[in-house]
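Visitor: We have chain H already, so just place chain W on it with the hints.
Here's the letter readout for the chains.
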Amino acid sequence: TQLLEQSPQFLSIQEGENLTVYCNSSSVFSSLQWYRQEPGEGPVLLVTVVTGGEVKKLKRLTFQFGDARKDSSLHITAAQTGDTGLYLCAGVFGTARQLTFGSGTQLTVLP
Amino acid sequence: GAVVSQHPSRVICKSGTSVKIECRSLDFQATTMFWYRQFPKQSLMLMATSNEGSKATYEQGVEKDKFLINHASLTLSTLTVTSAHPEDSSFYICSARVLTGGYNTIYFGEGSWLTVV
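Those sequence lines, one after another, are chains H and W.
First residue of the first sequence? That's 1 in our numbering, and the numbers climb one at a time after it.
First residue of the second sequence? That's 1 in our numbering, and the numbers climb one at a time after it.
Hints are supplied without guarantee of correctness; some may be wrong.
Claimed, not checked - Below, in silico cross-link-like pairs of lysine to any residue (SDA-like), each with a Cα-Cα straight-line distance of 25 Å or less:
| no. | chain 1 | residue 1 | chain 2 | residue 2 |
| --- | --- | --- | --- | --- |
| 1 | H | 70 | W | 102 |
| 2 | W | 14 | H | 41 |
| 3 | W | 41 | H | 62 |
| 4 | W | 41 | H | 12 |
| 5 | H | 70 | H | 41 |
| 6 | W | 55 | W | 3 |
| 7 | H | 57 | W | 55 |
Unchecked claim - Quick look at which bits of chain W chain H covers, simulated, 3 or more residues with Cβ under 8 Å:
| no. | region |
| --- | --- |
| 8 | 71 to 84 |
| 9 | 91 to 97 |
| 10 | 102 to 111 |
Simulated from the structure, these hints should not be mistaken for laboratory data.
We put the CB at the ideal spot given by N, CA and C, even for glycine.
Chain H extracted, bound-state conformation (with noise of 0.2 Å):
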């Protein structure tokens, strides 16, 4: 059973600030996604990253795949009160049909 290890689990900061969530996983990824999820709602796609070193941006927020696809990260820049959120990295492993979800992020930026 591959695992995925995400942190942190809960991570409350002030408006303005930056911030890090990482992923990682003993096991090498096919794919890697990363989900935005509020109350109530289902997931919703952020970015997918295939390639071993790949950097996206979608505005403030920077993706990393590590080089060896074990292993990726989330950046936030100057953190707005919208962010707020439970942030969900999930993955496939080689020919796996199925994602396997990290224990997510609770995100909270306080005014």
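Guide: Showing chain W alone in chain H's frame:
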């Protein structure tokens, strides 16, 4: 991105009754859909993989006779919670897999809140 729609978004049912939740892929065909359960502020727990035209594959610990999954068409999967009990109250989410650019992308429905009273 692809659109996945779930219905109903909220449902309240009496203990002992059954309730059906639908998951539709609106603009693509999905041979594989997934059903998850989620508790507040926790990650998603995969319940089963729904395969069009064949039996669902259940994760360990998930009762297949209690959580009936039917994937009769390429755009619709249903989850029926049979003989529901208060402990079945939860947020249920479906997703569908789309092959994009050579890799799989998963899109989620909006989720369905089930409250069993």
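Visitor: Would you check the hint for residue 70 of chain H and residue 41 of chain H, treating anything up to 25 Å between C-alpha atoms as holding?
Guide: The hint is violated at about 29 Å.
Visitor: Within 25 Å, alpha carbon to alpha carbon, are residue 41 of chain W and residue 62 of chain H?
Guide: holds (23 Å)
Visitor: Going straight from one Cα to the other, do residue 41 of chain W and residue 12 of chain H come out at no more than 25 Å?
Guide: holds (14 Å)
Visitor: Tell me whether the statement that chain H covers the region 71 to 84 of chain W is true, taking a Cβ distance below 8 Å and needing three residues at minimum.
Guide: violated (count 0)
Visitor: Holds or violated: the region 91 to 97 of chain W covered by chain H, criterion of 3 or more residues with Cβ-Cβ distance under 8 Å?
Guide: holds (count 4)
Visitor: Quickly compare the C-alpha distance for residue 14 of chain W and residue 41 of chain H to 25 Å and report which way the hint goes.
Guide: Status holds; Cα separation ~24 Å.
Visitor: Would you check the hint for residue 55 of chain W and residue 3 of chain W, treating anything up to 25 Å between C-alpha atoms as holding?
Guide: holds (24 Å)
Visitor: Holds or violated: are the alpha carbons of residue 57 of chain H and residue 55 of chain W at most 25 Å from each other?
Guide: violated (40 Å)
Visitor: Has the region 102 to 111 of chain W got at least three residues whose CB is nearer than 8 Å to a CB belonging to chain H?
Guide: This one holds; 9 residues, not fewer than the three required, reach chain H with a Cβ under 8 Å.
Visitor: Under the criterion that the straight-line Cα-Cα distance not exceed 25 Å, is the pair residue 70 of chain H, residue 102 of chain W satisfied?
Guide: holds (19 Å)
When each numbered hint is compared with the structure, violations occur for hints 5, 7, 8.
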